[in-house]
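Residue numbers (the working numbering), protein chains in the order written: chain A, 1 to 321; chain B, 1 to 321; chain C, 1 to 321; chain D, 1 to 321.
It is possible that some hints are incorrect.
Same chains, same label: a pair holds when it works inside one copy or across any pair of copies.
SDA-like mimics (lysine to any residue), calculated; alpha carbons at most 25 angstroms apart, straight line [unchecked claim]:
id, residue 1, residue 2
1, Lys207, Ser36
2, Lys185, Val45
3, Lys91, Phe81
4, Lys44, Gln247
5, Lys44, His232
6, Lys78, Tyr54
7, Lys185, Ile236
8, Lys83, Leu235
9, Lys47, Ser59
10, Lys207, Asn89
11, Lys47, Thr171
12, Lys83, Ser59
13, Lys85, Gly39
14, Lys145, Ala209
In short, the hints are calculated from the structure, not lab data. This one's a predicted model, so the numbers in the text were calculated from it and none came from an experiment.
In case you want the letters, here they are:
4 protein chains.
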Amino acid sequence: MIKIGIIGGAGYTAGELLRLLLWHPEAEIVFVQSSSHNGQAISKVHKDLLGECYLNFTSANFEAVDVIFLCSGHGQSKSFFEKNKLPENLKVIDLSMDFRLESKAHAFVYGLPEMNKEAIAKAKYIANPGCFATAIELALLPLAKHQALNDDVHVTAITGSTGAGQAPTETSHFSWKNNNVSLYKAFEHQHLAEIEESLCKLQNSFKQAVNFIPVRGNFSRGILASVYTQCHWSLIEAMVHYQNYYQDHPFVVISDVNTDVKQAVNTNKCILHLEKHGDKLLIVSTIDNLLKGASGQAVQNMNILFGLPEDAGLRLKPVAF
Amino acid sequence: MIKIGIIGGAGYTAGELLRLLLWHPEAEIVFVQSSSHNGQAISKVHKDLLGECYLNFTSANFEAVDVIFLCSGHGQSKSFFEKNKLPENLKVIDLSMDFRLESKAHAFVYGLPEMNKEAIAKAKYIANPGCFATAIELALLPLAKHQALNDDVHVTAITGSTGAGQAPTETSHFSWKNNNVSLYKAFEHQHLAEIEESLCKLQNSFKQAVNFIPVRGNFSRGILASVYTQCHWSLIEAMVHYQNYYQDHPFVVISDVNTDVKQAVNTNKCILHLEKHGDKLLIVSTIDNLLKGASGQAVQNMNILFGLPEDAGLRLKPVAF
Amino acid sequence: MIKIGIIGGAGYTAGELLRLLLWHPEAEIVFVQSSSHNGQAISKVHKDLLGECYLNFTSANFEAVDVIFLCSGHGQSKSFFEKNKLPENLKVIDLSMDFRLESKAHAFVYGLPEMNKEAIAKAKYIANPGCFATAIELALLPLAKHQALNDDVHVTAITGSTGAGQAPTETSHFSWKNNNVSLYKAFEHQHLAEIEESLCKLQNSFKQAVNFIPVRGNFSRGILASVYTQCHWSLIEAMVHYQNYYQDHPFVVISDVNTDVKQAVNTNKCILHLEKHGDKLLIVSTIDNLLKGASGQAVQNMNILFGLPEDAGLRLKPVAF
Amino acid sequence: MIKIGIIGGAGYTAGELLRLLLWHPEAEIVFVQSSSHNGQAISKVHKDLLGECYLNFTSANFEAVDVIFLCSGHGQSKSFFEKNKLPENLKVIDLSMDFRLESKAHAFVYGLPEMNKEAIAKAKYIANPGCFATAIELALLPLAKHQALNDDVHVTAITGSTGAGQAPTETSHFSWKNNNVSLYKAFEHQHLAEIEESLCKLQNSFKQAVNFIPVRGNFSRGILASVYTQCHWSLIEAMVHYQNYYQDHPFVVISDVNTDVKQAVNTNKCILHLEKHGDKLLIVSTIDNLLKGASGQAVQNMNILFGLPEDAGLRLKPVAF
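Chain A with its partners taken away, still in its complex shape:
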């Protein structure tokens, strides 16, 4: 059994990790740390775990675990490393954006298994990708691998509310958000940096713009990204390239018919649908932002890191409705 600690246990991504790890066949949750809720029952915070989880939030004990997940939010992971000295062999999976971009200042591997599986298997520290980044990169990696990204890319992606975390804000208020949609951070979302870095890894020549319009959707879970760019491939060629690229990746599925975001909700899948319109290739990419976009991918990374089947604990019942 892999012994596990969670740092920042009261947030959305930690709750989702707990939902996965409680029934994971090879996982043993040793501690769940939360500075804001220390000593409380976990099921008082993650209320759906009533009757399933009998642990309390406690302080961390790094010596007692094989791996920790950092769920404290952006900026907190850097300060976590400054404040804590970790055992030599302790592995770390960081769900924040603090170490996603390559740098000589750190040794984190970017944890997108569909791009980096071998490096992940040998890594000690993993930077788990962003939710939008996951959906968008999976839509584009086969193009980049074939050096076929030679024009601007246009992306609009609609996200569920859980992508914005649990802090109450003006735009998280139900009375405002119910039946409402809005744009935010157009052309300037912070995930653009990791997207561009990943694409350049596979296609060094890629210099075009990724024009990205994020949209706040009025639903809780999921991302639907529409991605299009010029491409000389026929639809059949594109389908073949995508099928080939993802043939050894159990969570990416190519759909030959139109898709919707609920197909992926409560699963670790990314569903890709391709269409060709004139010289444009359109890729529709859907994931569950808390699973393939966060905690599910973190468990997938853990599985790879510890030599388990990649889908251990991740064959989940879809919610469907």
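Add chains B, C and D to chain A, keeping to what the hints say.
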């Protein structure tokens, strides 16, 4: 033109008042006071009023108006009277619960026009009823008038999120509330006092329990109340009594078919539907909690107070969907 | 491995069964019959199963299976038995209401494990309970067992849209139902018969009314039932009686704090919360209508029928949001 | 009073017209024709009109009216003209797409007041624009007027469910659509033709692509369109050009802060928000698809046609929540 001031202008009920008064044929908004937003453009807070309202929040000027609406929330109206000396002839319509119950300590008239129209017409100070109270009292007044409330009353009422105001709380967060319902304050909701007082006014003998289960619905506007009690009337007798009771009240409509909450949304109507099952009379009552349940009723009271047609400025386009 | 056939495979309950059985450790799906979709890929109808289910709808082969689930809808199960001759040892779990009421004309056992576990273990034919009936009976069984139901019972239960099935109707249209709630079949819902039969089994003296108001909620999954009646128990006594009653039943959880419907969504749990108000005991009962209210309970019955752990294949990741 | 007839009175756009015309100060509804509901009370179909509309659906009487609105749906207006001979002076406002494109075969004027107000004032027959087309054209007209559309235009627009009409379909089912989003008709939506025709009217040189991705949103009313293209204007220049273009058009509002779709819901407004990112001008355009996108614009056209104030009967209370 009636000159109007609004106290506590940044909240939900004040926003709804502004939406009504801007196009009211006899209303002139003189000031909208807000301590939290003083000096700001009203359309920055009530964003749907962009292009319709060019006023800023200012301080109050009681000398310049005929009537003020108190929209600061429960408990604030009492302290408003302690802190301010009002001109002799200034009328006040209070949307809080501070003065709804009769008391020798104050001279407020309970502003439910379908029960108190004559008293309202002569009043100086009006206590606008609560939203649940409005829906439930309108369901029961004809029974009380005929001394026909002789058994326990059972009420479940589902309310839209705007009934809970705009303060961010755990239960106002979209990620929690979306697709979710829950009970609260079962048997103990604060509106029970005004409901029982109103029923006793019409039926002095009424001593039975009003068993009231409030439910938080996952929608923004509206209340659907189901109300049942033993009643010896036939369905036809009940229909006749209800039609008679409400014949001079333009906003209460009796439906002979089943109803839904959206029929009333964005209108000042209360729709009542009656069914008889065995010895039980079931009354389904629907209102828009911000209109007939708050600001619409406040304008209705203003109209009565100033001798205008009761429906002036209140013939509203339903949203329907 | 238990060999399984599904009759009526294109509907909601069959889809949910498939989601459960695909990853059930002891289940092998042998055929999924659908007269409307014969020959089609299952993942074209239950689209969330793309990449998980590679079966097609076929005709039935009763000789090849150990158990069949009847998912064709109310009235169809009776005609299924008229049209088909089944192998002697074939077990049947019927999700329709056709055989829920005891009768000399059939040998079905009512499949509520929390009331009938021993009989289910020995049964050949199981009638899976209704969704409302499950939520309401689980709220009342401990009272009935202690002969403590001595007054009218008042129930309001709000259901998700999947409870009404997938046929398009006026009230299933999104534009109508979105942000809308409404009552239906007040005092006359068809589940009342099985509720009353179950209560009388445990408390033969029970003759009072179960006043039941069903409400169509504007969400997809889940039932929230509020149930109250007079009861002389203190809250502590009630908690003890409920804890004792359900101590050997893994899916019923007593919550000491208020609950909401999403706590149960995408799980097989029933969460009960008790409050005492004056002489009234209030029980709030929440389930997922497609799981504990239908297909999850069907799998729970299958597990009992075949001597598996009661929760095999039913430890599900909650959706939570 | 303008005497009005409505053809195809049972659909969504007719219902919305009725909501507007019932309280329009200069409108008299003479007949509402519906072949499917002839003889029924209108308030049985448009249930929110209970207590406001006492008319029945009848057959048409063209001699008795000044103007008719055609609300029967796409394709039906052409056959309407084939089947009916209209009085010489009868004006027609067609809400279908049948006559939106200029043609020598008909004399319809394209009814976008912000482009064609003078022609509308003199017209006999008006083709009311499509909902997406309205939102997108209003976002682009100032650019076209200044010959500033010199690169591809990228549009993603999310629409409420009422845009798809009331016919029950797989994608109109609540259980499917709730909490769900999906693309449809990418690059091929039928409104592209009228958009391109309008832009070319103002900028004859415009030959670039309008890349349009329509998205089905999980809300009832409203369209949020994001529109971007290369533009050498600074943000301030753009704001000035847009303000100037729309200064005589009461329903188009420029917002200097980010917008959301509910700001426009239940109003006839189009709210435009501009941002400049690098060389890209982003225009966010929001309307209510049933009002400015259909029936509200139809009434606006009627007002212009009959010399009334453009906003007569169109100063509506926003729903806001």
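Results for each hint:
In this assembly of identical chains, the alpha carbons of Lys207 and Ser36 never lie at most 25 angstroms apart, being 44 angstroms within a copy and 48 angstroms across copies at closest. Taking the shortest alpha-carbon separations for Lys185 and Val45, only the inter-copy value of 21 angstroms comes in at or below 25 angstroms, while the best intra-copy value is 30 angstroms. In the homo-oligomer, the alpha carbons of Lys91 and Phe81 lie at most 25 angstroms apart inside one protomer (13 angstroms), although the nearest pairing across protomers, at 59 angstroms, exceeds that limit. Taking identical chains as interchangeable, the C-alpha atoms of Lys44 and Gln247 lie at most 25 angstroms apart only when they sit on different chains, with a minimum of 21 angstroms there against 42 angstroms within one chain.
For the homomeric pair Lys44 and His232, neither the shortest alpha-carbon distance inside one copy (54 angstroms) nor that between copies (30 angstroms) is at most 25 angstroms. Neither within a single protomer nor between protomers do Lys78 and Tyr54 lie at most 25 angstroms apart by alpha-carbon distance, with minima of 30 angstroms and 45 angstroms respectively. When the C-alpha separation of Lys185 and Ile236 is checked against a cutoff of 25 angstroms, the pair qualifies only between copies, where the shortest distance is 19 angstroms, while the shortest distance within a copy is 35 angstroms. In the homo-oligomer, the alpha carbons of Lys83 and Leu235 never lie at most 25 angstroms apart, since the shortest distance is 52 angstroms inside one protomer and 45 angstroms across protomers.
In the homo-oligomer, the alpha carbons of Lys47 and Ser59 lie at most 25 angstroms apart inside one protomer (21 angstroms), although the nearest pairing across protomers, at 43 angstroms, exceeds that limit. In this assembly of identical chains, Lys207 and Asn89 lie within 25 angstroms of each other by CA distance neither inside one copy nor across copies; the values are 39 angstroms within and 62 angstroms between. Within a single copy, Lys47 and Thr171 get their C-alpha atoms as close as 23 angstroms, and across copies as close as 13 angstroms, so both meet the 25 angstroms cut-off. Taking the closest pair of Cα atoms, Lys83 and Ser59 come within 25 angstroms of each other only inside a single copy of the chain (14 angstroms); across copies the shortest separation is 50 angstroms, beyond that limit.
Proximity of Lys85 to Gly39 under the C-alpha cut-off of 25 angstroms is restricted to the intra-copy arrangement: shortest distance 23 angstroms within a copy versus 51 angstroms between copies. In this assembly of identical chains, Lys145 and Ala209 lie within 25 angstroms of each other by CA distance solely inside one copy; the values are 17 angstroms within and 28 angstroms between copies.
When the structure is compared with the earlier hints, violations turn up for hints 1, 5, 6, 8, 10 and for no others.
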